[in-house]
Structures are given as structure tokens and as C-alpha cells.
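Starting from the known structure of chain A, fit chain B onto it as the hints suggest.
Number of protein chains: 2
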Amino acid sequence: MTLAHGGGGSAMRDLIEEVFTGAFEPDGMEDQARLEAGALAEPGARLAFTTDSFVVSPVEFPGGDIGTLAVNGTVNDLAVGGARPLWLSAAFIIEEGTDFALLRRIVASMKGEAERAGVRIVTGDTKVVGRGAADRVFVTTSGVGVIPPGRDIAAAHIRPGDVAIVNGVLGDHGACILAARGDLALSSDLQSDCAGLGHLMEAILAAAPNARAARDCTRGGLASALNEMAEAAGVGIEIEETALPLRAEVKGTCELLGLDPLYLANEGRLVVFVPKAEAQATLAAMRAVDTGAGATIIGRATEGPAGQVTMRTLFGGSRIVDMLVGEQLPRIC
Amino acid sequence: MTLAHGGGGSAMRDLIEEVFTGAFEPDGMEDQARLEAGALAEPGARLAFTTDSFVVSPVEFPGGDIGTLAVNGTVNDLAVGGARPLWLSAAFIIEEGTDFALLRRIVASMKGEAERAGVRIVTGDTKVVGRGAADRVFVTTSGVGVIPPGRDIAAAHIRPGDVAIVNGVLGDHGACILAARGDLALSSDLQSDCAGLGHLMEAILAAAPNARAARDCTRGGLASALNEMAEAAGVGIEIEETALPLRAEVKGTCELLGLDPLYLANEGRLVVFVPKAEAQATLAAMRAVDTGAGATIIGRATEGPAGQVTMRTLFGGSRIVDMLVGEQLPRIC
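In the order they appear, the protein sequences are chains A and B.
With full-length UniProt numbering applied, the first sequence covers 1 to 333.
With full-length UniProt numbering applied, the second sequence covers 1 to 333.
These are calculated hints, taken from the structure and not from any lab test.
Note that the coordinates shown come from a computational prediction; the quantities given were computed from them, not determined experimentally.
Beta carbons are placed, not taken as given, at the ideal position from N, Cα and C, and that holds for glycine.
Worth double-checking, as some hints may not be accurate.
Said to hold, decoys possible - Here are some, though not all, of the chain A residues that point toward chain B, as calculated from beta-carbon distances under 8 Å:
#1 E17
#2 T21
#3 A23
#4 A37
#5 V122
#6 T123
#7 V289
#8 A293
If we strip away everything but chain A, and leave its shape as in the complex, we get (with noise of 0.2 Å):
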């Protein structure tokens, strides 16, 4: 990759259409997509809109790679607001010297990524910056989706009782990528649980219409996804340790690092609240989609103190669980 193939001519033009037009769009990227807004006409329906630059490090990591990440994400956005994700933009900021060869396979997971989210990468741009600007890729996706009338969730809406549910084991992201680094010497079979969640998101919401609110847990992890829920909805929220999915690699990665597992990003897993009477039938509905196999109850929300996240201890203590307050991992996603 030279300075060239971002300067705006023909150089440019190739790259975009050697690697970026064949894989996404048919018509290649325009600079403006221009779509059918059908789906957004209906009366009551509301637009949803996102966006998140990923700067992970490695770019590829065992289970995925920044293309991976930079389409599950936003399309996870969209998801745990109850939007349908529609449509994707994709922005591209590479280094001078990166191998056309890891772009393309950047770009080849985008779109498989996308193809099983159901969502199409419409529009996108290229940047190039000279040796030590920039870091390899940079991937900047943003996303529009749709929220069908009538539907609201939002962390507001949670309400003391609301069971709390996770889509499966936690960490595995954050563990991944301190592994694949490769300075601490970890030797894992780690994967990264990167995996668009909107499938998943339908599923709950058919079987909980009362769902109040969902979050994916990525920089921050769980705790810093819960904080954020309680303080949201002035409630408190307590989880107990003993139901945690933890798998035990990831909690002996942390044991010897002294991470706390709460903190660890995940890519693929979400928190979602639902009235107690809905439990059983979102569990049930989650476990039948492949992403939401390991749905356990981890929690609930109680009265308070009101945006006090509290876990209750192996050994019948209780802790408070903080928002993260310094950097647990920098460029994990």
C-alpha cells in the first residue's frame, strides 16, 4: 500500500475496485449510497444510528479480525437498542506498507460478517497515511437500522425484580486478544466470542415482549455494562458469582494477570433484562440460536442503593462491582 493508492486518483480507484467493489456492493462504493427507505416509512418507525472506530491490536486474532469486530459492533449497537440493522458504512484508515494481502482478508470477513447479519455494507472511504501515522488498519463502521413502531427498549425501563440474562461465557474476547499480544507468554485455545447478536435480539424480543433493556458487554465488560444500566434506571443490580460463565481458561488468565473477569471485553455477548415472568421463555428462545446456546440468569435488579452494582460471593459475602475507573487492556476492540 502506497501513499498513492489514497490520493484520490487512479491508484485509488483501483484499490477500490480490486478490493473493496467485488466484496461488498455490486455497484462499488459511491460516495453516497442512496437507499430504498421502505422500511422506515412505516408510521411510528424510527431511525437508529451508530458508529465505532476499531482499533484493535493484533488485526487478526484467533476467532476473527478487525473486519470481524468493525461489522459484529455495530451491528451489536443497532441490536440491544431493538433496532433492525440495515445498512453499514465502512471507513478505512491504513498505513503505508500494509500488505494488500491482510486487507483483503480484512475485507473478506466483512463480508461474511455481514452476509450472516443480514446487513449491507452500502458506502465507505479509504485513507492512507505514511509509515507510523497510523497503525496498519483502522476501521471505522457506522450503522442504520430500523426500530419498528412500538418498540422501546431502553436501560430506563429496567425495574426492581427484572431478571438479568447473559448469552453465554464471558471474557473470552478480552482473554483472546491479552493472548494473542503475545508478550505475556500465554499459550491458549482461546477464541474471541465475536459474533453479531441481532438474530439473537429478535429472538428475545419475540419471546419477552415486555424485555426492558439489553447491552452488549464489550470495552468495560459486564460491570461496566451493568454500571451504566443502574444508574440508567435508578435501580441497583445484583449478580452472583456462582452463576457467572466463566470458562476456566479465562479465569486462570486473570488469576495469574490479577484481571478481574467482570472488566474483560467480549465482542458477542450481550446483558438483557426482562420481567420476571418472561424468564423462562427468553431463556428458552436464546438457547435456540446458535449465539445464545450459554444463556444463564446471572442477576437481577433491586431497589437499590439506586446505580449500585453489588455481586454476591462464592463464600455468601457481598462486593460492590465499580465501574472500571483506569485501563484494563488499551485496543481490544
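Frame of chain A; chain B shown alone:
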């Protein structure tokens, strides 16, 4: 700025609340913006969606900064396609150690430009990477707009005889960035032409109901925009060297450095093709808008050769104006 500011925990929340929330939406930048889609509900309306990453160096320059570019670049991508810009997302990749004050200035620029353009910045993201893994700040904006029913402007609609109009002097942005880098020991009073062109495009479309197509002349300059348009329409395009609006200072810079002003980047300039019968009305309408004060006819579409752009020179000759092949100036936007 420290890595903790990108960690997903409380330091990041403080950063978002302190720097972004006040400047952008009153409710802060949530993971997902939820927007009333009334403008899109009109039968026949289409949604326009676009994205661009900005990596300009230096980050601040006479007439603007990376924030000015990020808002106007995306607004203009929407506007030149006939869309009314509505909502923007903003994703920041920030190098560790970057000044908070710089970030605040960039965000203030974005707020001001968004207000001028009549768009709302409704969602965002921040990532922090280590020293040397990025060059201060990169900003990626995406934009959503609505194309009113029946409006359809596209390069493919250009017909022989159509008139090409630009909205002002060319190359100021490119020449200004060149001078601002300092390594050429150029001193100049040039300012970037960076500006939002949404209001200008609405004036053009009101005056020229049969306007064919418009492009903003960013990376690759006027020459690249015209080449793309000639190719898409299967027409020739002929421009007049004597008609090109260029400041003496920009001409001088180009002569000194062996650059061609046709390839210099602009960030507030567009070229629009209208039927000859609508050209005078278009000119008058453009000149009534501040960003169109310098509107002037520069050429016309011809029977061909298809896809070829030619320039009638000062001396009565004719030369082919090709796509830019290499890179005239990296990190111009």
C-alpha cells in the same frame, strides 16, 4: 489524553461528558441515536448515507481544522448527491498524549459547522491508541440525509451541451495545507476554502429543476471530479483554461512547485452540470448564496470522446486532463 480515556470505564465517561456532550446533543452521545424518521416517511423519499475518514496534517490550519473538514466533508457528500443532510456521527481515534485543549477546539469547530449546515451530530465514539500508533487525531464522520421524492441527480444524467459551473476559486485548500506544513518555507495568507455546501445545493436545485449532477472537488481536485463524471455519463467534457478561477497566490505556488491547480484539493468547492437553458438562472442563484459568490462557468459537456476531459489552453491549444495517477499531496483531508 491517556489510554484510560479510551478504556470503556469512568475515565472515558468523564471525557465524553466533559468534551463531547456539551458540544453536541443535550443528552450526550449514546451508543445509538434514535431519530424520528418523519422526513423519510414521505412516499418516494430515499435515504442517503455516506462516510469519510479525515487524517489531515496539520490538524489545524488557516481557515479550519480537522473538525471543520469532518463536518463539511460529509455534509457536502450528501448535498452534492441531492440529499438534505440531517444527522451526523463522529468517531475519534486519538493518540495518547494529545492535548485536551486541541480536542476541545476541534469539537467546537464541529459544533459550529454543524449549526451552520443545519445538521445534528447525534452519535459518536472515542478510541485512544498509544503514542506513535496514530498521528494526534483522526476523525471519521458518517452522514444520513433524505433525498426528496422525485429528485434524481447523478453523473450519468449529463448530456452534451450541458454547462459546467464551479462556485468559486479553486485550489485554496490544497495550497493552504501545503503552506501550513511549513517544510516548504512558503509564507502565504491563503485560507482553506472549507465550507458546507448544503444551502448552495438547495439554491441550485431550486433554480435549475433539470440540474444533472454535482461533485465536490476534494482529493484529486476538479480534474478527478470531471473525469469521474465524464466516464459515468459517457460524454466528453471541455473546460477553458482562461475561465478557471484561480488566485494569483495559488497559481504562483503551483508554478513554484510544479503542481497543477486542477488537481489541488478543495473542501468547499463543487462543480455542477445544468442544461444550457438553466445556466444563467443557476449562476444568479449561486451568487446569491455566500458559498456561491464566485460562481462561474468553466466549460461544457461534449459528444466525446466519451470519458475524456480536455482543456482549451490560454494559447488556443487543447490538452487532455487525465485522472491523477500518483499522489499529489498526502493527508490533505
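Comparing the hints with the structure gives:
1. For E17/A, the shortest C-beta to C-beta distance to chain B is roughly 12 Å, which exceeds 8 Å, and the interface hint is violated.
2. A cut of 8 Å between beta carbons decides the hint on T21/A: the least distance to chain B is about 14 Å, and the hint is violated.
3. With its C-beta approaching chain B no nearer than about 16 Å, A23/A sits outside the 8 Å limit, and its interface hint is violated.
4. The interface hint given for A37/A holds, since its Cβ lies 4 Å from the closest Cβ of chain B, which is under the 8 Å cut-off.
5. Of the supplied interface hints, the one on V122/A holds, with its beta-carbon coming within about 6 Å of a beta-carbon of chain B, less than 8 Å.
6. Residue-level restraint check for T123/A holds (minimum Cβ-Cβ distance to chain B is 5 Å; threshold 8 Å).
7. Below 8 Å, beta-carbon pairs count as interface contacts, and V289/A has none with chain B, the closest being about 21 Å; its hint is therefore violated.
8. With a least beta-carbon distance of about 25 Å to chain B, the hint placing A293/A at the interface is violated under the 8 Å criterion.
Of the hints listed earlier, those the structure fails to meet are numbers 1, 2, 3, 7 and 8, in rising order.
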